[in-house]
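**Student:** Taken in sequence, the protein lines are chains A and B. The first sequence lines up with residues 42 to 601 when you count with my numbering. The second sequence lines up with residues 45 to 151 when you count with my numbering.
Read the hints as simulated data drawn from the structure, not as lab findings. Just so we're clear, the structure is a prediction, and the values are computed from it rather than from any experiment. Hints are not guaranteed to be accurate.
[As the list claims (entries may be wrong)] With a straight-line cut-off of 27 Å between C-alpha atoms, the simulated DSS-like cross-links for lysine-lysine are:
| no. | chain 1 | residue 1 | chain 2 | residue 2 |
| --- | --- | --- | --- | --- |
| 1 | A | K566 | A | K550 |
| 2 | A | K436 | A | K283 |
| 3 | A | K550 | A | K283 |
| 4 | A | K198 | B | K89 |
| 5 | A | K288 | B | K125 |
| 6 | A | K575 | A | K288 |
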Amino acid sequence: MSSDRSRDGRAGRTQPSLVIQDPARKRPCVLEHSAARARVLTLATDKPKREDAVVPPSTSAVGTPLELFQSIVAEAEDGVLVLGPDGRVSYANAAAEFLLGRRRAELVGEVFEVARAVADNTTRVNVISRDGRVRLAELRVEPLPVGPSGSMVLRLKDITSYHQDAARAREQVRRRDEFLAMLSHEVRNPLAAIRSAASLLAREDIDGNVRRRAGDVFDRQFQHLTHILDDLLDVARISRGKLEIVKERVDLNQVVRDAVEEAAPLIGKREHRLQVDLPPRKVWVEGDATRLEQVVVNLVNNAAKFTPPQGHIFVNVVAGPMEVEVCVRDDGPGIAEDLLPHVFEPFVQGKQSLARNEGGLGIGLALVHTIVLLHGGRVCVGPNPAGQGVAFTVKLPVLAAGAEVPAELEPAGGQGGGPTRRLRLLLIEDVADTRDVLKQLLELDGYEVLEAGDGFSGLAAILDQRPDVALVDIGLPGLDGYELARQVRREARGRDTRLVAVTGYAMPKDVRAARAAGFDGHLIKPVHYPELMKLLRSFEAASAVPSQPPGGDCPGAGSS
Amino acid sequence: MEQYVFTLYVAGESDLAARALANFDRLVRARLRHRCSLQTVDVLKEPRLARQHRVVATPLLVRERPAPVIKVLGDLSQEAKILAQLGLDGEISGGGEPAGPGQGKEP
Numbered sequence: 042m043s044s045d046r047s048r049d050g051r052a053g054r055t056q057p058s059l060v061i062q063d064p065a066r067k068r069p070c071v072l073e074h075s076a077a078r079a080r081v082l083t084l085a086t087d088k089p090k091r092e093d094a095v096v097p098p099s100t101s102a103v104g105t106p107l108e109l110f111q112s113i114v115a116e117a118e119d120g121v122l123v124l125g126p127d128g129r130v131s132y133a134n135a136a137a138e139f140l141l142g143r144r145r146a147e148l149v150g151e152v153f154e155v156a157r158a159v160a161d162n163t164t165r166v167n168v169i170s171r172d173g174r175v176r177l178a179e180l181r182v183e184p185l186p187v188g189p190s191g192s193m194v195l196r197l198k199d200i201t202s203y204h205q206d207a208a209r210a211r212e213q214v215r216r217r218d219e220f221l222a223m224l225s226h227e228v229r230n231p232l233a234a235i236r237s238a239a240s241l242l243a244r245e246d247i248d249g250n251v252r253r254r255a256g257d258v259f260d261r262q263f264q265h266l267t268h269i270l271d272d273l274l275d276v277a278r279i280s281r282g283k284l285e286i287v288k289e290r291v292d293l294n295q296v297v298r299d300a301v302e303e304a305a306p307l308i309g310k311r312e313h314r315l316q317v318d319l320p321p322r323k324v325w326v327e328g329d330a331t332r333l334e335q336v337v338v339n340l341v342n343n344a345a346k347f348t349p350p351q352g353h354i355f356v357n358v359v360a361g362p363m364e365v366e367v368c369v370r371d372d373g374p375g376i377a378e379d380l381l382p383h384v385f386e387p388f389v390q391g392k393q394s395l396a397r398n399e400g401g402l403g404i405g406l407a408l409v410h411t412i413v414l415l416h417g418g419r420v421c422v423g424p425n426p427a428g429q430g431v432a433f434t435v436k437l438p439v440l441a442a443g444a445e446v447p448a449e450l451e452p453a454g455g456q457g458g459g460p461t462r463r464l465r466l467l468l469i470e471d472v473a474d475t476r477d478v479l480k481q482l483l484e485l486d487g488y489e490v491l492e493a494g495d496g497f498s499g500l501a502a503i504l505d506q507r508p509d510v511a512l513v514d515i516g517l518p519g520l521d522g523y524e525l526a527r528q529v530r531r532e533a534r535g536r537d538t539r540l541v542a543v544t545g546y547a548m549p550k551d552v553r554a555a556r557a558a559g560f561d562g563h564l565i566k567p568v569h570y571p572e573l574m575k576l577l578r579s580f581e582a583a584s585a586v587p588s589q590p591p592g593g594d595c596p597g598a599g600s601s
Numbered sequence: 045m046e047q048y049v050f051t052l053y054v055a056g057e058s059d060l061a062a063r064a065l066a067n068f069d070r071l072v073r074a075r076l077r078h079r080c081s082l083q084t085v086d087v088l089k090e091p092r093l094a095r096q097h098r099v100v101a102t103p104l105l106v107r108e109r110p111a112p113v114i115k116v117l118g119d120l121s122q123e124a125k126i127l128a129q130l131g132l133d134g135e136i137s138g139g140g141e142p143a144g145p146g147q148g149k150e151p
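All chains should be modelled from the sequences, with the hints used to inform the complete structure.
**Tutor:** In structure tokens:
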């Protein structure tokens, strides 16, 4: 029987921590303290009298068991209140003061009837803490085995953040799942189109018109896939904090013009009317032109997605003395108020089927937000002040109108339409399909094309055959592209060949690394053919070598 | 017939507060129907009332009448205990009609 054990009050005093675990806590919170239960509590605790406390030498250093208990819990993270047999608070630790938002003087001596009001020995309650927050706390009521009989101890454990964290984690998982579903949907569509176009092209009974249209399909879907991939990479960079921008003097007007041009296809497709208002003077900001363009493109695309056909989209730039504002507005259906605070979080999308139809991964605005922050600016969203729809406003710090023109580092583009000198090209690329197709395209355009499938044979081909231009994949087996370039540049025979790096990464540091290794140009993989043409033509124009006879007719076939 | 008067102290629109209200309707109102009245006090909006009535934690349901005053803390989800605490375990849900939550109890 517990009575035997507990009758010896010393047990309770000398080993208070043991007795705290008394089985009596099984159902300590009772509406009426029945006589029987009260007796159990009495038995479990004894009656240490105040004057007792000083007597036993073993415990005199810390005082009575009750005092010992209180000194133990004084610094506890959980709030602890001790209630005397009359229900009055006799002690409150610092955490309890904080969690209940009341000072000790407001707690001690008061009766709150909490112990009698709980239906279970663990009850969740809201408390208003000293910082004014409503917190969720777990309240436990147990008999206190030390101190006067009938004493109770009340513990408050703050579980607010645990709950918020759990809710946040669940939300993140849900969004990620949604995102993955979205992603597979997004990728599947272009793949289906590409597959059909490929089947079409494989037939022999099609005319040039059909073939051209199939080619267009490839082109479009391809761009689409590339875009998705870029977005994904950006999201990965954002989440790893690796999004990099290289700041230089940029004319924001030009950025907006370029962005509008890039966004034009989607706007045209839905017959939106786009109105762009730019200040007459250049607006200089310090930033990364490509990234800033991405900001405007994403905002305009976003507006286009959510605005029904023939709606209006407005882009205007207002330059103030300190800040410049880029505002993108539309007269679409707007964004639900509860969604507004979340639109800049990744993977958040409105439920409108319109947006779903247009696709997108729900990361465009997250990118906007991050890029703008990296530029020391801010972006906000609200209802369109001019009526229905949404207005996104980007604010960036402006640079004083100092030096006239930013240093132009790019080689002058060769748009001169002089006679084309047929260059001898070398493709160093380990993926045979990629190499083969590019070779055929280039040969169709009259170039003589050599091939190499890895770094070492590429190096040998450059030194032995001395092509005018070598397109070098960076991720080559054997010898990587950077090392290849370094070795080529070390040889006298390798000085004349122009080296173009082809990489999947277009970060400024990649471009710098390529230049440092000895490359003359840089293309992003997958190579955009018109871009390659532009680059080749610029080489042709730049090389003052007089036009020489074409390097042989183009043989149509020739694969690796 | 006895008239029951309740006050429910809540802190804003927390989950607990919402659950307490729903449970009150389910457990208490379903039994007492027109014999009960409930007043809700938001301690965020009326901190003075909260202090005056020594409310340190919510949701707190107070049976003001009939005497004695009974207080129940928490979201009222512990059905049997709540009913016993409030002295309503004798009341039949659904205002005396056999229907109600007990409907599906047939083995």
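**Student:** Work down the list of hints and note, for each, if the structure agrees.
**Tutor:** Here's how the hints hold up against the structure:
{"no.": "1", "hint": "A:K566 with A:K550", "in the structure": "holds (16 Å)"}
{"no.": "2", "hint": "A:K436 with A:K283", "in the structure": "holds (23 Å)"}
{"no.": "3", "hint": "A:K550 with A:K283", "in the structure": "holds (12 Å)"}
{"no.": "4", "hint": "A:K198 with B:K89", "in the structure": "holds (24 Å)"}
{"no.": "5", "hint": "A:K288 with B:K125", "in the structure": "violated (67 Å)"}
{"no.": "6", "hint": "A:K575 with A:K288", "in the structure": "holds (26 Å)"}
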